[in-house]
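*Asks:* If you count the sequence shown from 1, position 106 lands on 105 in numbering that gives the first Met the number 0, and the numbers rise without skipping.
All clues given are correct.
Distance ranges between label pairs, derived from CB positions:
{"id": "1", "residue 1": "Arg198", "residue 2": "Gly261", "range": "21 to 29 Å"}
{"id": "2", "residue 1": "Phe328", "residue 2": "Ile385", "range": "28 to 36 Å"}
{"id": "3", "residue 1": "Ala193", "residue 2": "Gly261", "range": "21 to 29 Å"}
{"id": "4", "residue 1": "Lys173", "residue 2": "Glu387", "range": "32 to 40 Å"}
{"id": "5", "residue 1": "Pro342", "residue 2": "Arg162", "range": "42 to 50 Å"}
{"id": "6", "residue 1": "Lys398", "residue 2": "Asn367", "range": "12 to 20 Å"}
{"id": "7", "residue 1": "His302", "residue 2": "Pro342", "range": "14 to 22 Å"}
{"id": "8", "residue 1": "Gly326", "residue 2": "Gly188", "range": "44 to 52 Å"}
{"id": "9", "residue 1": "Gly196", "residue 2": "Asn245", "range": "34 to 42 Å"}
{"id": "10", "residue 1": "Lys398", "residue 2": "Arg162", "range": "25 to 33 Å"}
{"id": "11", "residue 1": "Leu121", "residue 2": "Ile160", "range": "52 to 60 Å"}
{"id": "12", "residue 1": "Ser330", "residue 2": "Lys173", "range": "23 to 31 Å"}
{"id": "13", "residue 1": "Gly261", "residue 2": "Asn367", "range": "27 to 35 Å"}
Hints are computed from structural coordinates only; laboratory data are not their basis. These numbers come from a predicted model, not from an experiment. We treat Cβ as the ideally placed atom computed from N, Cα and C, and that holds for glycine.
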Amino acid sequence: MRRERLVVLDRLRDAGADDQQGSGRQRQQGECHSARAAREDGDDRTRGEPDRQPGERHPEQWLRVGPVELLERERAGRARTDVRDPGVPEQVQQADAGDWGDEAEDQDERHVAEVHAVSRRLAVAVVAVAVFATGGYGTWSYAHNYYVYRGFPAVHDPPGIARGREVILKIWSKALHSERAVRVYLPPGYSSGALAGHRYPVLYLLQASVMQPTNYLKVGGLGPRVDTLVDAHRMPPYLSVMPAGNGRDHEWANAAAGNFDGYVMDVVHAIDKRFATIPNRRGRIVAGLSEGGYGAINVALHHLRTFAGFESWSGYYIQPGGYPFVGRFESRIPANSPALYVPRMTAQLHRLPLRAFMYMGDRERWPNIPDMLAFARELHADGGRIVETAIYHGGHNWKLWRPHIPHMLVWAGQGFRWALRGYRA
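Hey, can you work out the whole structure from these sequences and the hints?
*Replies:* Right, here's the structure in full:
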């Protein structure tokens, strides 16, 4: 709009200038003519304007010079506006500076508030970490202890008795083509007895594949129990050997998971080579719980020349199938089901006397008590020399197995005495 107005004013200025030039020439001619007339008539007034004062403009002059004056006034207005405009930015600038100062103060206040908030959060985090550290350690400690001891209190040696010791061996298993860890608990007085030429029987303990080989030592408290029973002369000193069998289900059999039956034989040979043992069947009994109880029955009956007895704690007597008896190994289920093949072992059982002990809990659903009793009768009928059973209160867990470990240790000691006396009670 302002640009359009300037264009109009420029046009008016140009038109006014032209009119002014023309009017000036006419005025000059008129003045000369009037002057001559005045001189001639002796009249000094302007012709036709009897009432106009000197210095006043004729209305026609106002019309002729109006555009010029309007232009001059517009320029003066712009000049006044231009004079005021420099002050406006200063005032605006000063206002911006004031706002910036306020904003700076606000930013400072916000920064201080944020620092305080961060400090509070940091303090809370430190406290939380401290609480979590103490509480987390307590939780970890509880979980660790439960994992190791399954919620049971640790078993300790009574004061004043001789203690045995735990040894961990690494053996190479030809059957599994791998190195395996084996835990051995040496009874009190083993070192001095071995130096003196004494030979010791060995109890082999097989675990379930979902368990750890340390369960017998930690959950069952095997070491202190052996020390206590030996000190009380309730069992002879013998070695307790626990092959590592944790991992994928293997059933202690020669199947898809590997030749774990042969692995047990590798352990037997390694123990006889390393320690002062009785290196024949009279000095060996194999035991186990759950899957290990089934494995103890199966391994002992497969290797009657190696073992004189077995113990089964909540074991089973017919291989249920599934992994590792899958694919081409499925056909091996009958040969790994003791209740099915023991009737064919009559001749071997009469030639190689066997002592067996089996027990179950009254709350176990599978395997069940009738299956255990039926297998016990069949084994005894087919030549098993001593076949004993028991039923205790409990389910398929450590609440059943842990309290009866001392009895199992005593029974194994009796089995060694029986074998070493020529299989006579």
